[in-house]
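Below, each chain spelled out in residue letters.
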Amino acid sequence: MLTWQQLSWCSVALWVGLAGCARLEHDIGTPLDRAVLEHVAADAYYAEILEELGPPTEMSALPDGMVFVYEHASITERQYGLILPGEVGKWIKAVYASADADIETFVFVFDAEGRLSSADAEVWETDAGAGMSMTLLFSTGSFTDTEQYESSPARSLEWGRALTMPPLVSLNNRQSLETGQNGIQLTTSPEAVGQHALELKAE
Amino acid sequence: MGAARPVAALLAAVVLSSCASYGSVDGVDNLWRDAPVDAFEKGVTTQSQVLEQLGPPSQLINLQDQTVFYYLTENMTGKGRIFIVWNSVSAETRYDRAIFFFDAEGVLQEYAFSKEEIPR
Numbered sequence: 001m002l003t004w005q006q007l008s009w010c011s012v013a014l015w016v017g018l019a020g021c022a023r024l025e026h027d028i029g030t031p032l033d034r035a036v037l038e039h040v041a042a043d044a045y046y047a048e049i050l051e052e053l054g055p056p057t058e059m060s061a062l063p064d065g066m067v068f069v070y071e072h073a074s075i076t077e078r079q080y081g082l083i084l085p086g087e088v089g090k091w092i093k094a095v096y097a098s099a100d101a102d103i104e105t106f107v108f109v110f111d112a113e114g115r116l117s118s119a120d121a122e123v124w125e126t127d128a129g130a131g132m133s134m135t136l137l138f139s140t141g142s143f144t145d146t147e148q149y150e151s152s153p154a155r156s157l158e159w160g161r162a163l164t165m166p167p168l169v170s171l172n173n174r175q176s177l178e179t180g181q182n183g184i185q186l187t188t189s190p191e192a193v194g195q196h197a198l199e200l201k202a203e
Numbered sequence: 001m002g003a004a005r006p007v008a009a010l011l012a013a014v015v016l017s018s019c020a021s022y023g024s025v026d027g028v029d030n031l032w033r034d035a036p037v038d039a040f041e042k043g044v045t046t047q048s049q050v051l052e053q054l055g056p057p058s059q060l061i062n063l064q065d066q067t068v069f070y071y072l073t074e075n076m077t078g079k080g081r082i083f084i085v086w087n088s089v090s091a092e093t094r095y096d097r098a099i100f101f102f103d104a105e106g107v108l109q110e111y112a113f114s115k116e117e118i119p120r
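Chains as they are written, first to last, in the working numbering: chain A, 1 to 203; chain B, 1 to 120.
Hints are computed from structural coordinates only; laboratory data are not their basis. Keep in mind that the hints are not guaranteed to be accurate.
Computed, partial: chain A to chain B, Cβ under 8 Å [claimed, not checked]:
id, residue
1, His26
2, Ile28
3, Thr30
4, Arg34
5, Met59
6, Met132
7, Gly180
Small disclaimer: the values here were computed from a predicted structure and weren't measured. The beta carbon of each residue, even a glycine, is placed where N, CA and C say it ideally should be.
Could you build all of it, start to finish, from the sequences and the hints given here?
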């Protein structure tokens, strides 16, 4: 039978020993309604898609038409904190974090007359990465790199920043996939894909 | 003495728990939510009238024979609950969008607002 004092110390040990367990959630956009796809005609006019789903998350001109992309992302990060053993270790907080992302995407491609030429919907869950941190102080923040999921459509408003980027990135900015003139890419695309591969050489 | 110290430590841990909230708004002012019902009329309203009512668009997209004005407001809100043993941070990012398609003469062909709306 534990004494009151032992129970108290056990509570403190539990409280401190597990310090730093955290759950971080970020919901970006609103869930997409898949039922819409069931009654969209194969040659629907783009105005019908706008009526059903509203303005797209991203759009771009194509050589013979245009493309709409609708996206919804939900990111969940779990962090597990531990106090390290030893005289020095007790002052250091170690945190391991891993993240998952649930992604929904609709793509609609229209011809030059604004008629739907192809469409697709995908829903998938992906491992969004993991990370480790050691800090002296208590903190709660993200330790995984989920920037590609959380990149905002509002980035197109930051055009002036391109002038301060490394030369290869600045030069590639004219072909940016965020301006709506040169195609699109999903927010989950890795940086090594397509034209961004050029920018990797700058790092 | 006895259990005083561990109880004090436990109490301190409880007292030190906290909550936080944060948020940010990015993009243009979603003036289209305040516009009169008949403010935008297909085949009638012009680019300059839309610009006059809503200001510069977030993005201007050049299609082959159309021009698109894309307006975007982004609202991010978050809450944090810090209980030392277990912590939780949740954030939501919502978008309010408006899009206008004009023909080569600058007359409105189609327009739409997002289903989700950020209160002004």
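Hints versus structure:
Interface hint status for His26/A: upheld, as the beta-carbon distance to the closest one in chain B is roughly 5 Å, under 8 Å. With 8 Å as the threshold, the beta carbon of Ile28/A comes within range of chain B, its nearest partner Cβ sitting at about 5 Å, so the hint holds. At its closest, the beta carbon of Thr30/A sits 5 Å from a beta carbon of chain B; the interface hint therefore holds under the 8 Å criterion. Look at Arg34/A: its Cβ only gets to about 15 Å from chain B, farther than 8 Å, so that hint breaks.
Because the beta carbon of Met59/A sits about 7 Å from the nearest beta carbon in chain B, less than 8 Å, this interface hint is met. Restraint check, Met132/A versus chain B: the minimum CB separation of about 17 Å is more than 8 Å; hint violated. Proximity of Gly180/A to chain B holds as hinted, the smallest CB-CB distance being about 4 Å (cut-off 8 Å).
Against the hints set out earlier in the document, violations occur for numbers 4 and 6.
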